[in-house]
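Enquirer: Quick note, the sequences are listed as chains A and B, same order. Going by the working numbering, the first residue of the first sequence is number 32, and it counts up by one from there. Going by the working numbering, the first residue of the second sequence is number 32, and it counts up by one from there.
The hints are simulated quantities; they were obtained by calculation from the structure and are not laboratory data. Warning: the hint list may mix true and false statements.
Any copy will do: because identical chains look the same in the list, a pair fits if it lies in one copy or spans two.
Below, computed lysine-lysine pairings styled on DSS-like, alpha-carbon distance capped at 27 Å [unchecked claim]:
id : residue 1 : residue 2
1  : K198      : K146
2  : K171      : K198
3  : K168      : K198
4  : K146      : K176
5  : K153      : K187
6  : K180      : K146
7  : K168      : K146
8  : K171      : K146
9  : K171      : K142
10 : K142      : K198
11 : K142      : K176
12 : K60       : K198
13 : K171      : K187
14 : K142      : K168
15 : K168      : K180
Protein chains: 2
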Amino acid sequence: MRDVFQQELQEVQQRLVEIAELVAEAMRKATTAFQDSDITLAEEVIEEDAHIDELALTLDELAIQILARQQPVARDLRVVVSALRMSANLERMGDMAEHLAQLTRYRFPDKVIAKGLRTTFKEMGEIDIQIAEKLIKMLKSQELKQLEKIRDLDDKIDSLHLSVFDKVLSDTWAGTSMDTVDATLASRYYERFSDHAISIARKVAYLSTGEWAPDIDEITESKA
Amino acid sequence: MRDVFQQELQEVQQRLVEIAELVAEAMRKATTAFQDSDITLAEEVIEEDAHIDELALTLDELAIQILARQQPVARDLRVVVSALRMSANLERMGDMAEHLAQLTRYRFPDKVIAKGLRTTFKEMGEIDIQIAEKLIKMLKSQELKQLEKIRDLDDKIDSLHLSVFDKVLSDTWAGTSMDTVDATLASRYYERFSDHAISIARKVAYLSTGEWAPDIDEITESKA
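Make the full structure from the sequences, and use the hints.
Expert: And the structure:
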């Protein structure tokens, strides 16, 4: 019974990794589509998000079946419950990539990013991709050091997010209202992607250190 | 044992109602603060959100303990798992009210809403409050008819959300970039609040009809 349970937990972990890999790929494509106004790539991201949603739902079903069959307690129970939560976070990360693709499509054939912000958004996209890659590593290996790396990258995202607002609110901003709307939304999507990653990384860290209780940090960051 | 379990489920339900009541109150205050640039009220909302977060965490702990102690299966298991998810939705609804209060505070003593949008946002706020009230009813009574009402209200929110973009992207829009940023963010907060409510209402409906499997609707709407 115990062995079956361990196998099932491994299955859960593999599926989380699989979804995280699709999410990383979605963010890679969405960022390129967004930068280059690549409508074909944008449509791919939108289409493929349904697959991420489906995998997340299937993983939830598996987790519920494991709870029913194995009746885990203590740490094992928390592993399964946290898989349910991580799957919700991953699903939302996929949505953020999809939202970027949708913005790209709405504005096509116009560029979605105003001139003064191209470098900033390129950087935000690259950092979110790195975050997703480190998250995959962490889900595979439970390496705690990835959490610190993800936190550092998230700090960068937060400061780029603020810099977008500084830019569009500055006297030199020459963008149209549409540019302002797009910049506001895109920046928020990139920033929320990173928040969800932090939330997952923190759960993995808790599970491997045994320190489950969410700290005040989690309460604060969940509001960002 | 069965009686204890039923008592515990009632406790879970009462706590969900309690959190939903605080969320409704937060949205009431946030909407007034936002309309009237009432900094004191805005600060109350921000301060009280920590309490909502805490109650949601405590409810999660209770749900996990129930899973461990009662080892529920079948529908009972789904009730407990969905309580975990509803608590996450409620916590995010509280965050949306808090974000509106934060916007109000950032811009104080200036008005946060541009002139042409005051009526639209007043309406969005009133509808979100109604949604929260219907959600409380539904959590208390499991009345399915509330789901339809919440859906109808959510449709109104969606069309108001679109009308905000129409307005700020129209030729007649005379707002500053800051007005555009604020309108974009506030509209999204009101719209996400409603999305989370729909998500909770749908879970309650599934549990009382026994039709658990999420339909394609859920997949689609979760992306909005």
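Enquirer: A separate judgement is required for each hint: does it hold in the structure or not?
Expert: So, going through the hints one by one against the coordinates:
no.	hint	verdict
1	K198 - K146	both (11 Å within a copy, 24 Å between copies)
2	K171 - K198	neither (39 Å within a copy, 47 Å between copies)
3	K168 - K198	neither (34 Å within a copy, 45 Å between copies)
4	K146 - K176	neither (37 Å within a copy, 50 Å between copies)
5	K153 - K187	within (13 Å within a copy, 36 Å between copies)
6	K180 - K146	neither (30 Å within a copy, 44 Å between copies)
7	K168 - K146	neither (35 Å within a copy, 49 Å between copies)
8	K171 - K146	neither (39 Å within a copy, 52 Å between copies)
9	K171 - K142	neither (37 Å within a copy, 49 Å between copies)
10	K142 - K198	both (18 Å within a copy, 21 Å between copies)
11	K142 - K176	neither (38 Å within a copy, 45 Å between copies)
12	K60 - K198	within (26 Å within a copy, 31 Å between copies)
13	K171 - K187	within (24 Å within a copy, 44 Å between copies)
14	K142 - K168	neither (34 Å within a copy, 46 Å between copies)
15	K168 - K180	within (11 Å within a copy, 45 Å between copies)
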